[in-house]
Amino acid sequence: MAGNDSALHTPLGLLAELTHRCPLGCPYCSNPLALDPRQSELDAPTWARVFNEAAGLGVLQVHLSGGEPGARRDLVAITAAAHAAGLYTNLITSAVGITAATLRQLADSGLDHVQISIQDSDPASADRIAGYEGAFARKRALAAEGVSLKIPLTVNAVMHRANIDRLEDMVALALALGASRVEIAHAQYYGWALKNRAALMPTAAQVKRAAAAVEQLRARHHGEIVIDAVIPDYYARLPKPCVGGWGRRSLNVTPGGRVLPCHAAESLPGLEFWSVREHSLADIWANSPAFNAFRGTDWMQEPCRSCARRDIDFGGCRCQAFALTGDARATDPVCYLAPNHHEVAALAAVQEDAPYAYRRM
Amino acid sequence: MNDTASTIAPEARPHLPRGVRLVHNEAQGGWVLLAPERVFKADAIAAEVVKRCTGEATFAAIVDDLAKTYAAPRERILADVTALLRGLADKRLLEL
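Going down the list, the sequences are from chains W and H. The first sequence lines up with residues 1 to 361 when you count with this note's numbering. The second sequence lines up with residues 1 to 96 when you count with this note's numbering.
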């Protein structure tokens with residue numbers, strides 16, 4: 001049963017995790033702790049089939065991600081296949097592993113947009129966070145190459161305790177790089193980030209200052225750069241409508257071909273995921289047990305079940321609810337109405353300047 | 001940002017920048033503007049306006065054409081289209 005909101009929606013976006021391989025070791029990586037090995041990765045023809053099936057389902061945009069998608073030698077062929085399927089193609093990259101020549105080939109293959117992550121505005125700090133010497137300089141170079149090719153650029157700035165006080169400098173860097181959009185992306189505590197939570201968590205004072213800074217920057221740069229930012233989970237009063245609702249707007253294909261409602265869904269126990277190796281995407285979207293587990297509202301408990309916002313935020317994030325309460329059906333504790341909301345503030349207060357556990361395969 | 005925020009020059013040639021596309025998609029129920037990591041539903045009127053933003057027609061010509069097509073007062077079309085295109089430009093979805 002799919003609940004009160006039982007109509008099967010049309011997905012808009014597909015996150016294609018082409019590989020879990022990545023030269024960087026960012027401690028906030030959203031990938032799972034158990035990474036898919038290279039030999040399990042889908043080949044380019046299979047990705048082409050998946051893209052065609054996605055377009056047939058109504059998907060409009062594909063996000064080519066990882067890991068570092070540049071670790072795939074067939075990235076150009078994969079991107080061309082997504083473009084040929086009629087999808088809007090977005091490359092999400094660390095910039096390390098993509099050469100200027102490859103970027104030119106990608107542009108010629110129909111790449112619509114590139115998102116480059118930056119770790120900090122300070123080069124030494126950026127390289128330390130990435131766990132890769134010289135990463136910052138390569139990001140600058142690839143961003144410049146993309147802008148010269150007229151590929152629109154988004155800078156993804158992941159924020160945490162070590163860099164949040166330089167938020168203004170990071171937006172200034174995005175402007176200098178020629179980005180038309182910058183995401184102030186607070187670290188979200190799943191996967192490797194959850195493991196590093198105490199080392200990454202910003203203070204309440206930092207978060208408050210950052211929110212005010214974003215407002216000022218938006219006013220100052222109106223029409224010049226789009227600044228996307230939300231209140232970080234552990235300091236929010238209302239939960240985020242995670243992935244726009246479970247099995248409602250998007251799907252995620254892992255390097256090995258498993259199809260997930262969100263990139264962290266494998267952290268939930270007892271879910272049965274289907275693979276594109278055995279099923280069509282349409283079959284998975286409509287019928288796979290994992291996609292139907294939290295669709296609609298029938299699965300909800302109180303206070304979500306009778307809440308006026310249940311069709312707005314969908315009870316928040318299932319992975320966060322499980323990570324913080326041990327019950328995947330619980331109200332996301334970020335919500336002020338959740339019985340254990342007060343525990344979130346206590347968890348945010350646990351801060352320790354320990355060395356990062358870098359993400360490694 | 002500047003004193004032209006509420007007007008558009010008649011000789012401007014509005015166009016979608018690279019990375020922004022207007023597409024019609026039955027499964028999504030009509031016209032959508034695809035942009036970097038964002039999707040905007042466009043109603044039929046907005047789609048008619050954006051379709052004319054090819055970079056060839058001037059803003060004045062687009063307004064003339066819409067006033068003729070919809071047999072509406074030019075002043076009203078001018079105000080509506082200015083607001084629509086300004087809003088898109090502020091979101092970096094259109095270049096003027």
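Just to be clear, a hint being listed does not mean it is correct.
[Said to hold, decoys possible] Below, in silico cross-link-like pairs of lysine to any residue (SDA-like), each with a Cα-Cα straight-line distance of 20 Å or less:
1. H:Lys41 / W:Gly56
2. H:Lys91 / W:Pro303
3. W:Lys240 / H:Ala44
4. H:Lys91 / W:Leu175
It should be emphasised that the hints constitute simulated quantities derived from the structure, not laboratory data.
- Is the Cα-Cα distance between Lys240 of chain W and Ala44 of chain H 20 Å or less? 31 Å, violated
- For the pair we were handed, Lys91 of chain H and Pro303 of chain W, check the Cα-Cα distance against 20 Å. 37 Å, violated
- Satisfaction of hint between Leu175 of chain W and Lys91 of chain H, Cα-Cα up to 20 Å: This hinted pair holds, its Cα atoms lying about 15 Å apart.
- Task: For the pair supplied as a hint, Lys41 of chain H and Gly56 of chain W, confirm whether the alpha-carbon distance does not exceed 20 Å.
- Result: 19 Å, holds
Hint compliance for this structure: hints 2 and 3 are not met, and every other hint is.
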